[in-house]
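Visitor: Spelled out from the first residue to the last, the chains are:
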Amino acid sequence: MTTTALSPRPVDLLNAEAMPEEVSQGKVILQRFLRHKLAVISLSVLAVIALVVLLAPYLAPFKPTELKVGDYFMPPGTMAEDGRMHYLGTDNIGRDYLSRLIFAGRISLTVAILAQIGSSLLGIVIGSISGYIGGVVDTLLMRFVEFMLSIPQLPLLLIISSIIIQYREALALPAPIANFISWLLIIPTTETTQIVAIIGIFVAFGWMGDSRLMRGMVLSLKEQTYTEAARALGSSHWRIIFQHMIPNAMAPMIVSASLGLSGFIISEAALSFLGLGIQDPTPTWGNMLSIAQSSMLQIPWLPLIAGTPIFICSLAFNFVGDGVRDALDPRLKM
Amino acid sequence: MVNFLIRRVFEMAIVLLLSAAASYALLSFAPGGPLSFLASVQIRLNAEDIARIRASYELDLFVPVRFSRWLIGQPQGPLYIAGQLIGADWVVGCRIPATESVIENGKVVTREVGCRPGQDVTLLDLAADPTRRQVRGVFMGDFGLSQQILRDRPVWLLVESRLPYTLQLMLVSTTLSILIGVPLGVYSAVKQYSIFDYIVTTLSFFGSSMPTFFFGLLMIMLFALYFEQWNLPHLPPGNAIAVRDWTMGTFLGDWRIEAGSLTDRALHMVMPMTVLTLFTVAGWSRFVRGSMLEVLRQDYVRTARAKGLWERVVIAKHALRNALIPFVTIVVFSIPGVFGGAIITETVFNWPGMGRLYFDALGRSDYPVAMALLMITAFLTVMATLVSDVLYTVVDPRIRLN
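Each protein sequence line maps, in turn, to chains A and B.
Number 56 in our numbering belongs to position 56 of the first sequence; there are no gaps in the numbering.
Number 1084 in our numbering belongs to position 84 of the second sequence; there are no gaps in the numbering.
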């Protein structure tokens, strides 16, 4: 995965003679990762899921919003009239369950990944500014982070998303973004606003931990001799930050990001499950679970199908994160 | 220590004030509220009705004024200083807003544009209107009136009626979590890399990856719905007390359970308690294992062993006591959750606690209720931070506060 991009190769030493046989750092990291059996299994499971949701339009037998009046709660394996199979049956308004599940995966995973990328980036930017500049800026930013961390998160998350969801018609996305999301997730452009809004909320509430981590790394890297050397050679601040600080602080950031993905999967599912996230015609695992809950008296096992992917993905991301941590930074292991 | 406390209390007050202001501002932007509810049930209101309803919920005041009245119960009217009224004609609100309807994207959109002429509310009006509720402010324990859930009754009544259920659920599950999580963590740390450790670590991964709502639904599916179908002893799917007496099929024949009896309450609590406990145990056992491993590596543990102490004494007295220091923080930080309730778990099991109340309040746009719960949780969170800092110095004399 991203681990191989991380090897800062000692370029000058490559040409030196009489060096012991070089094992690239990427290889070492890969070996360490492969030793973590559960992480490898999880990664392959995630790869399969990713492949399935990427090929959603070709694999799913039905369109996710295609409904048939009267075909409610069909049991798994029922044939539709046109000879296509409802492998997992249909939901409360006659939509094919398997197809919805696949398309929902595309949306749920995209939301989690984009939210994680967004909050990591914001965390990196704010953390490195705060750590590098120090002084009043640092104090103010870190006070703000403490404030954000000290207020109860879930209740506020619920309020904000309920407000945004209710105003989602009034919010307008720039056309290119709306078109891109609509193309990526295969949903009508009118439904893209809520997705971007949810990602935005997650980023707004998710960057604090990363920024603290980044600040800590920058503070310790500032004291390193190579930073001093770079400064003595006359490097600009930007060069020091981008060339020296961020690459060296990447390992813990990647670990935190891969562990964070699991949290975002669950958060998105929870919000949608409570009806305050992504709304029904757009399928996500969370709102499918919510429909499954209200249909439990008719079909008790329905939540099992909608919830299992959430659990599997969250578990797999956790294991992969654990494996990445072992591989990248064995000292972090408790 | 005293300096530290003073500084911290001061900081706490600022954090609380900021978060109160932020939440209040957020909620004042939120759509819904009593007027839109009446409009949604097709009640035609004339301007006077609107003015009356707005006044009774203080919606006719500007947000900062309303916030200040909500927080400290002021302003009640103009100031009376040295025989002179000060600020009697200051405008603090608007009885009937002027609206304008425009066509936007083919839809008719009605917007508020300022105040109708002559409909300003001044500070003097605020004092002169006998129908206006005398607010005392949150500081004096007045959280205002509920707008939807318990219409026109004090929010505090609602909180009071829900709090026992949340406390009951949370105290039991927290106690169970400590009783299960700490031994699990300690034992798997002591037997690091054993099969037991491996199993506990893997299970704790499962436990913390399992979304509470999914686990809850699975339990309802199995223990409530299928067990009833299969005529096994089943559990009630939701709520805290049965509405009427119910019977449970067992192998030994039917078992009649009286609604509201202790058995009834206990049976209702089993599932939500299990969900919460499993989730917490997963996190806490991992935490205890981590800090225990850290401590077991220390020199003083080796010294204790070298002195020839029993392994049990070394673990319980030397290692565990030190390993539990950071754990204290974790437990103290779960206290706000105890009062705030587990929103998701309570919603899944329809448990009539504070979390469920909060969710209902949001869903039905009963913002005074939501605001009260937010403030209680925020206050407890901030208090928990302080208490955990102080506790740290108590359990670990090496730490000095300054």
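Don't read these hints as lab results, they were simulated from the structure.
In this text the structure is predicted, and so the values were computed from the model without any measurement.
Hints are not guaranteed to be accurate.
[Stated by the list, open to error] Pulled from the structure, derived: some chain B residues nowhere near chain A, Cβ distances all over 12 Å:
id	residue
1	GLN1084
2	THR1212
3	GLU1228
[Claimed, not checked] Covered stretches of chain A, as calculated for chain B (at least 3 residues, CB under 8 Å):
id	segment
4	85-98
5	120-126
6	147-155
7	283-296
Every residue, glycine too, gets a C-beta built ideally from N, C-alpha and C.
Visitor: Apply the coverage criterion to the segment 147-155 of chain A and chain B: a residue qualifies when its Cβ sits closer than 8 Å to a Cβ of the chain, and three qualifying residues are needed.
Guide: Satisfied; 6 residues make the cut.
Visitor: Counting residues of the segment 283-296 of chain A whose CB is closer than 8 Å to a CB in chain B, do you get three or more?
Guide: It holds: at least three residues are needed, and the segment 283-296 of chain A offers 4 whose Cβ sits within less than 8 Å of chain B.
Visitor: B:THR1212: least C-beta distance to chain A exceeds 12 Å?
Guide: 8 Å, violated
Visitor: Does the no-contact call for B:GLU1228 survive, Cβ to all of chain A over 12 Å?
Guide: Answer for B:GLU1228: violated, closest chain A Cβ roughly 10 Å.
Visitor: At least three residues with a C-beta closer than 8 Å to a C-beta of chain B: is that true for the segment 120-126 of chain A?
Guide: violated (count 0)
Visitor: Hey, is B:GLN1084 genuinely clear of chain A, shortest beta carbon separation above 12 Å?
Guide: 41 Å, holds
Visitor: Are 3 or more residues of the segment 85-98 of chain A near chain B, judged by a Cβ distance of less than 8 Å?
Guide: That given contact is violated, which follows from only 0 residues of the segment 85-98 of chain A lying within Cβ reach (below 8 Å) of chain B.
Against the hints set out earlier in the document, violations occur for numbers 2, 3, 4 and 5.
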